[in-house]
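*Asks:* Based on the provided sequences and hints, a complete structural model is requested.
Protein sequence lines, in the order shown, are assigned to chains A and B. This note's numbering puts the first residue of the first sequence at 1, with every later residue one more than the last. This note's numbering puts the first residue of the second sequence at 1, with every later residue one more than the last.
Hints listed in this document are in silico derivations from the structure and should not be mistaken for laboratory results. Note that the structure is a prediction, hence the values are computed from the model and not measured. Any given hint could be a false lead.
[Claimed, not checked] Dumping the calculated DMTMM-like pairs for lysine to aspartate or glutamate here, alpha-carbon to alpha-carbon at most 20 Å:
| no. | chain 1 | residue 1 | chain 2 | residue 2 |
| --- | --- | --- | --- | --- |
| 1 | A | K121 | B | E183 |
| 2 | B | K56 | A | E44 |
| 3 | A | K127 | B | D67 |
| 4 | B | K101 | B | E486 |
| 5 | B | K427 | B | E451 |
| 6 | A | K94 | B | E64 |
| 7 | A | K128 | B | E640 |
| 8 | B | K553 | B | E515 |
| 9 | A | K127 | B | E183 |
| 10 | B | K434 | B | D453 |
| 11 | B | K687 | B | E640 |
| 12 | B | K222 | B | D275 |
| 13 | B | K56 | A | D134 |
| 14 | A | K122 | B | D453 |
| 15 | A | K113 | B | E64 |
| 16 | B | K644 | B | E696 |
| 17 | B | K159 | B | D130 |
| 18 | A | K122 | B | E103 |
| 19 | A | K127 | B | E96 |
| 20 | A | K128 | A | E40 |
| 21 | B | K433 | B | D67 |
[Said to hold, decoys possible] The following label-pair restraints were derived from C-beta to C-beta distances:
| no. | chain 1 | residue 1 | chain 2 | residue 2 | range |
| --- | --- | --- | --- | --- | --- |
| 22 | B | E515 | A | N101 | 23 to 29 Å |
| 23 | A | Y76 | B | V60 | 17 to 23 Å |
| 24 | A | Q145 | B | N380 | 53 to 59 Å |
| 25 | A | C98 | B | Y76 | 46 to 52 Å |
| 26 | B | E722 | A | Y76 | 37 to 43 Å |
[Stated by the list, open to error] From the structure, some residues in chain A lie toward chain B, with a derived Cβ separation under 10 Å:
| no. | residue |
| --- | --- |
| 27 | M53 |
| 28 | Y80 |
| 29 | R83 |
| 30 | G88 |
| 31 | P90 |
| 32 | K94 |
| 33 | K121 |
| 34 | E141 |
| 35 | F147 |
| 36 | G152 |
| 37 | K153 |
| 38 | P154 |
| 39 | V155 |
| 40 | D194 |
Beta carbons: idealized from backbone N, C-alpha and C, even for Gly.
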Amino acid sequence: MHRFLRLSILIAGMFIAVGSYAADAVPPITTADDLGPQIEQPIEFPHNRHAGMHNPADDADPSKPATGGMEMNCMYCHTYARRSMVAGIPPLRKCIGCHQNIESVRETPRIKKLFEYWEAKKAVPWKKVHDLPDFVRFNHERHVQRFAFQQGKPVQEACGYCHGDVKTLVVGRRQKPLTMGWCAECHQKDHLVDATSTKTTHGPNDCFTCHK
Amino acid sequence: MIENIFDETTSHSTKRADNARQVAGYNRRDFLKTLGWGGAAVALSGCGNTSIENGKETVVSYVEPTDYQIPSIGVYYNSTCAQCDAGCNIEGRVREGRVLKLEGNPGSSINRGKMCGLGQAGVQAHYNPDRIHEPMLNGQPITWDKALDLIKEKTNGVKGEEIAFLTGGVSGHVKVLLSNYLEALGSKNHYAYEAVSPAVVRAANKKAYGVEMPRLHLDKAKVIVSFGADFLGAWVSPVHFSQQYAQFRKGNRPEGRGVLVQIESKMTLTGANADRWIPIRPGTEGILALGIINVLGTRVPADAAAVAKDYTADRVSKDTGVPAEQITGLAELLEAHSPSLVLVGGAAEGYAHGSQNAAAIALLNQVLGNVGKTVEAPANVQFAQITPTTGNRAALQALNDSMAQDKFKVLFSYGANPVYTAPATLKFQDNLKKVPFKVAFAHYLDETALEADLVLPLDSALEDWGTSIPEYQVEPHLSIQQPLMENLYPGTRGIGDILLSLLKQRRADEYKAYEDFYSYLRGAVVQNKAALGGASADDDTFWNDTLGNALVKLPGTAGSFPVRKSAVGLVLPAPAAVVGAYPLRLIPSVSASMRDGRHANLSWLQESPDPLTTVVWDSWVEIHPKTAAKLGIVEGDIVEVASKNGSVKSQAYLFPGLHPDAISMPLGYGHEAMGRYAKDTGVNVFKILDPVFDKETGELAINETNVRISKIGKRVVIVKEEGPNGGSQLGRKKIAVKVSSDKVDLSKEV
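*Replies:* Pasting the structure below:
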């Protein structure tokens, strides 16, 4: 009897151990897109509705229905990305600023919930989607300035290098591995210095750039 | 059959019991064992790999952002440091509404953009986990309204003279409100108490120069002779003096590189930086000063020469233990390099004849012609009601006596912790118990707050409004203290706000215009904008500029010294004879970070090594190696230091920077309360001090305690930074043999 108990507890313990190890394990480094977990958010924010294309997805075939997006610039809401190390989450006032004037969706469940937070003057408890380990420093400002402003890439493309094609998503989900190998892969490539120049340079490859 | 049944039952029950025992045995040991291994495996897999929290951690955004606030970008606000009385002007880095780091304010004439370690730890005082969060009556939470009503009720039934207010040094508008409140109560009992303060020097300066704190020019002196003034460590305004000292040491200034001579019984940080450090027999500093005047002979004014007539180099040498040729040498050095500067600090003043010591040393400054050159009069400042009230130890004695005679019914205490800092012989704690109603305004539940009936929690210095005028400043200005962030705890209040609420209980009409202390402060500053140099600006602009700089210049006229008084009548007692049973002199040391122990609960300060011994997180007993050899003491021996009035036990540290007749222990350790880091860390030296007082000022003479030391037979590894391989931090054994740097073979090291 007790042998059986002992064994079963040991086995159960090991299962939990291996399971928790597997759950926390670093995702494998691949060059392919690597989806993060689907995360449930307090409000199902539709990125596709805000940033998606207004016109048909396929220009060649205008008969396809419009996708109904508003083609908003990422930086309209994620306003800190070009100014700061962290992109920040848009303040609630940003959402309300527009939505108080959009009567047509005022009574939909998601917007009602949004206004509940606003009236209670409480921040929406969004869950983190893109988190890096504490020993990694990633600077949004450097990347946005370099690609969106100096090179003049379309903003959605510049953001999309790391965040994927957000305009097609509803709730944000990690699209890339965000591992060191994956970062370094892009840092080794040659990128144009700016929009007009033919000179190229690669990203910094010093350990201290990110690990400090 | 019956037997059979009985048997069966028995055997059955035995089996069950066996089973139970086995299961129980399993539960107790094997179960825990297997669970432990399983748990360890879970724990191992849980940590180490990653700290990624996506999907788990919440990111909180602003509901309504402030225009200039960008996440991760710091905003800087100017304010004033409240960690010590130097009152440096600071600027704090605030990010996402949290203050993260403090720096000096470059616009300040006190600290010119620099800051000390004690000041840096101000952030920790603010985020300290042991701060009090809500008002408490006899240990039970109470609302602010009830607390203030209770004060009203208790102060109503008693006469004005039965109410006393104990504080540390105060200045600025808090001082105004405080005196107005006392006036409204009809009380004149304001006791300003500082456990460690240059009160004797102030009194001696007042006599010698006519001002308590003349302005010193270390940077203009060619030679500085300092009698125990630790101006680089903990004396008066260390950051200011450190900068002057840096100028003093520059070889390319017109006067050339200055020479510093430090004379003291226990080496201070300043002593360690001196060109010449002279150990002197405790208490004979004044004799040495007169000895130097004696050597100068006829080259000094007649009255000074007359006072020093009997202090020949030989006699002084015998009294002080300083060789005669060194005394002559000092006199020649000072005479040849004018202007010089002679300082008198804590080490020389802490005696029964401290005032005479200080007077003799001030006389030396005068006869050397330094007054007017390196010693200047401070400017006279208007607005006497906000100028600083400095604290001293005589106030404690006076308060204690009155309490012992049951004179007080209500006692307020703010910014002082006398239950911790009073010597045991004063029986301060017992006398305090005689006061029926005690109110403590406190940040922590320190020893004094624990004795109080009502404890009112204060905002931290980084949350509160205030103004201050430091006692020592070159250009007179009013420093503004403003909140760098919102209150951490909703239940704390600023001292100004509390005093204003209390005043409204008494003089509602007078103060009804002021909703809170902020509006009072703004009103007071803006009202005087013409005098403060803002005559042409409108109120808002002037106030915003004032807050932006967090300081505003005060109008003042250049000060001047009155005519020098004659030194006739200055007599110094012969050095005290060694008492048989207590052969050693205890010199309590004031360290730059611990001071009088008010910041003992800041772990950064506990963790930062003492500059001279590198000891952390504990008290220690500095013993001269010769004395230690005589007593058979080695480093790490736990020794008992016993005075007539008590004893403490701590670790021995052999230190050559001492007069062999003296031992030294740091003040500030050994709290019985106050918080997790302060409590039971080290021992409290204040407690064993003998009740000896300076004869002129009534100050407690902290260097007048004679002790004996004895081993108790225990030995520890001292936790310190010093020594090869980083010493024995955390008691770790040395991990590598020391090799001279040119012979390092890295392949063998790794």
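*Asks:* Now tell me if each hint is right for this structure.
*Replies:* Verification of the hints:
| no. | hint | in the structure |
| --- | --- | --- |
| 1 | A:K121 <-> B:E183 | violated (45 Å) |
| 2 | B:K56 <-> A:E44 | holds (16 Å) |
| 3 | A:K127 <-> B:D67 | violated (25 Å) |
| 4 | B:K101 <-> B:E486 | holds (16 Å) |
| 5 | B:K427 <-> B:E451 | holds (13 Å) |
| 6 | A:K94 <-> B:E64 | holds (8 Å) |
| 7 | A:K128 <-> B:E640 | violated (57 Å) |
| 8 | B:K553 <-> B:E515 | violated (27 Å) |
| 9 | A:K127 <-> B:E183 | violated (57 Å) |
| 10 | B:K434 <-> B:D453 | holds (12 Å) |
| 11 | B:K687 <-> B:E640 | holds (14 Å) |
| 12 | B:K222 <-> B:D275 | holds (13 Å) |
| 13 | B:K56 <-> A:D134 | holds (15 Å) |
| 14 | A:K122 <-> B:D453 | violated (38 Å) |
| 15 | A:K113 <-> B:E64 | holds (17 Å) |
| 16 | B:K644 <-> B:E696 | violated (24 Å) |
| 17 | B:K159 <-> B:D130 | violated (36 Å) |
| 18 | A:K122 <-> B:E103 | violated (33 Å) |
| 19 | A:K127 <-> B:E96 | holds (19 Å) |
| 20 | A:K128 <-> A:E40 | holds (10 Å) |
| 21 | B:K433 <-> B:D67 | violated (53 Å) |
| 22 | B:E515 <-> A:N101: 23 to 29 Å | violated (36 Å) |
| 23 | A:Y76 <-> B:V60: 17 to 23 Å | holds (21 Å) |
| 24 | A:Q145 <-> B:N380: 53 to 59 Å | holds (55 Å) |
| 25 | A:C98 <-> B:Y76: 46 to 52 Å | violated (33 Å) |
| 26 | B:E722 <-> A:Y76: 37 to 43 Å | violated (59 Å) |
| 27 | M53 | violated (27 Å) |
| 28 | Y80 | holds (5 Å) |
| 29 | R83 | holds (5 Å) |
| 30 | G88 | holds (4 Å) |
| 31 | P90 | holds (6 Å) |
| 32 | K94 | holds (8 Å) |
| 33 | K121 | holds (5 Å) |
| 34 | E141 | holds (9 Å) |
| 35 | F147 | violated (20 Å) |
| 36 | G152 | violated (24 Å) |
| 37 | K153 | violated (23 Å) |
| 38 | P154 | violated (24 Å) |
| 39 | V155 | violated (18 Å) |
| 40 | D194 | violated (25 Å) |
Hint check: violations occur at hints 1, 3, 7, 8, 9, 14, 16, 17, 18, 21, 22, 25, 26, 27, 35, 36, 37, 38, 39 and 40; the rest are consistent with the structure.
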